[in-house]
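Participant: Line by line, the protein sequences are chains Y and X.
For what it's worth, my numbering labels the leading residue of the first sequence as 2, then goes sequentially.
For what it's worth, my numbering labels the leading residue of the second sequence as 2, then goes sequentially.
If you're looking for bench data, these hints aren't it; they were derived computationally from the structure.
Mixed in with the good hints, there may be bad ones.
One copy or two, either will do: identical chains are not told apart, so a pair holds if it fits within one copy or between any two.
[What the hints assert, rightly or not] Mimicking DSSO-like on lysine-lysine, the simulated pairs with C-alpha atoms at most 27 Å apart in a straight line are:
no.: 1; residue 1: Lys107; residue 2: Lys145
no.: 2; residue 1: Lys33; residue 2: Lys22
no.: 3; residue 1: Lys22; residue 2: Lys145
no.: 4; residue 1: Lys22; residue 2: Lys93
no.: 5; residue 1: Lys107; residue 2: Lys93
no.: 6; residue 1: Lys93; residue 2: Lys145
no.: 7; residue 1: Lys33; residue 2: Lys107
no.: 8; residue 1: Lys13; residue 2: Lys33
no.: 9; residue 1: Lys22; residue 2: Lys51
no.: 10; residue 1: Lys145; residue 2: Lys13
There are 2 protein chains.
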Amino acid sequence: MLDEKVKEPIMKTLVVVSHPKIETSNTQQFLKESLVGLDEVSWYHLDAQKDFDSTVERERIMSANRIVFQFPLYWYSAPASLKRWLDEVWTKQVVYDENGGLLRGKTLGLVVSFSQPERDYQLGGREQFSLSELLTPYRALAAKTGLSLLAPLTISQFAYMSEAAQQALLVRYQQYLTLDHPSRFNERAQWFINQLRTYRDDTTGDLVADQLQDQQDNLERFQQTLAELKRGEAE
Amino acid sequence: MLDEKVKEPIMKTLVVVSHPKIETSNTQQFLKESLVGLDEVSWYHLDAQKDFDSTVERERIMSANRIVFQFPLYWYSAPASLKRWLDEVWTKQVVYDENGGLLRGKTLGLVVSFSQPERDYQLGGREQFSLSELLTPYRALAAKTGLSLLAPLTISQFAYMSEAAQQALLVRYQQYLTLDHPSRFNERAQWFINQLRTYRDDTTGDLVADQLQDQQDNLERFQQTLAELKRGEAE
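Looking at chain Y on its own, in the form it has when it is part of the complex (with noise of 0.2 Å):
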C-alpha cells in the first residue's frame, strides 16, 4: 500500500519569485497565501533585494532539493529581477564544482503566469511562438546546471478563473512545489488523501480518505496485473 511505503526525505522548496509590482499581482498575492502549512517551502522575492550576498544565496539555493522560478511573461522571459540574480548569483562557485555541478540532483521548477489564453502560444495563435520554444534559455541552464527540469505550471489569464478554477490551481501549486513528481497521477492521488487525513476534526474527511485510499490500492494492483500480463508472467 503505498501510505505503508518508506518516506522519502522531505521536499525543500525554494520558490523565487520574479515580480516588480508583486503588491498589485492578484496571481502572486493568491500564490503567497496558498504556501500557508506548507512549513518547507520558502518564498524569496528578489525584487526586493537590494544587493547579494553570495554566501548567503549560496545557501539558500544548496538547501533546496527544488528551486522555483515563479514569474510573471514579459516580453517572452521573466522579468529582469530573476536575470539579475542569475547574473549575479549563479556564478561558477555556486553552480559548478570537479565534478559538473553542485545543483545537480536538484529540480528546477517554472511557474509562469500570462494575460493571454494558453492557446495564444502556439504555431498560429496569436503569439507565434510556443512556450516551450521562448522558455529554451531555462531549458538549457538546467540542462548546463544538472539540475533536472520539470514541465512548467503555466497559470493563464487568473484573472477571469472561476473559484472553482482557482481552488484547483491552489492543489496543483502545492503539489507542483512538493511532490518528488509533479505530473505523476499517482502521486497527486495520495496528496490528496494525505490531505484528508490532516483534517481529522472532519469526520467526513477521513471516511473519504478510506475511501480514496481504498481506490488507489485497486488502482496500483490493476496496474501491477496489467504490467505482470504485458511482461507475459500471468495469464
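Position chain X against the provided structure of chain Y, taking the given hints into account.
Facilitator: Leaving out everything else, chain X in the frame of chain Y:
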C-alpha cells in the same frame, strides 16, 4: 551604375549596449572604437543609467530606423539591464499605436558575443541549443512590435582573434549598423567602394575603388542578364 542611384535616407542606428562590466570588456571597447566616424550611429550603454525617463527613451527609440541590442550571452540571453530597459520602457505607449506598432518599418539587430566556439551552439554541441533557439524571445518581440529582424552578428571568442580577424569584424560590424541589408553582397561591395573613395588623400585608394566599382558594375550587368535569361526575355 550603383553609385548613381537615388540616395536613400541615411540609416540612423541606436546601439543599445547591455554589459554590467563594460570597462573590462575588450569586445565592447573594440566595438565602441569601431564607431569612430559613424555620425549617424549612437551608442547607449544601459548599465550606466539609473532611471529611465519614458519621454526621453521614447524619443531615443523613435529617432532611429535601426535598433541594435548588443550584449554578451549570460545564461543564454542578454544581461539583466536590457531586460530592465525592455520591461520599463517598451510599454504599450511606445510600441503600439492604433495601427499596431510605432516601431513598424524599423529593423532590429542583435550583436551577441560569447566565449565559446560558435559550433558549441547546436544540437549535439556542448551547449545543445542553437543561438536561433535561444534567441527566440527576441524573435517574438520583433514579431509582436513589427520590427524586421536581422540575422544576428555573432562574435565568438574575441580574446583569441587574430588582428586580421578583428579587422574583418570591424568591417562586418560597421556594415551591420549602417547597411539596409547587411547580408547582401551588393550592398557590402558598394560599402567597400564608398570607403575607399572616402580616403581620397591616398591615390591608390581611388584606383582600387575605380577597379572595384567596374567589377561591381560588370557583376550587376551579368546578374541582370541572368535574370532576363531566366524570365525567357533574352536568348
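Participant: Mind listing which of the numbered hints don't hold for this structure, in increasing order?
Facilitator: none
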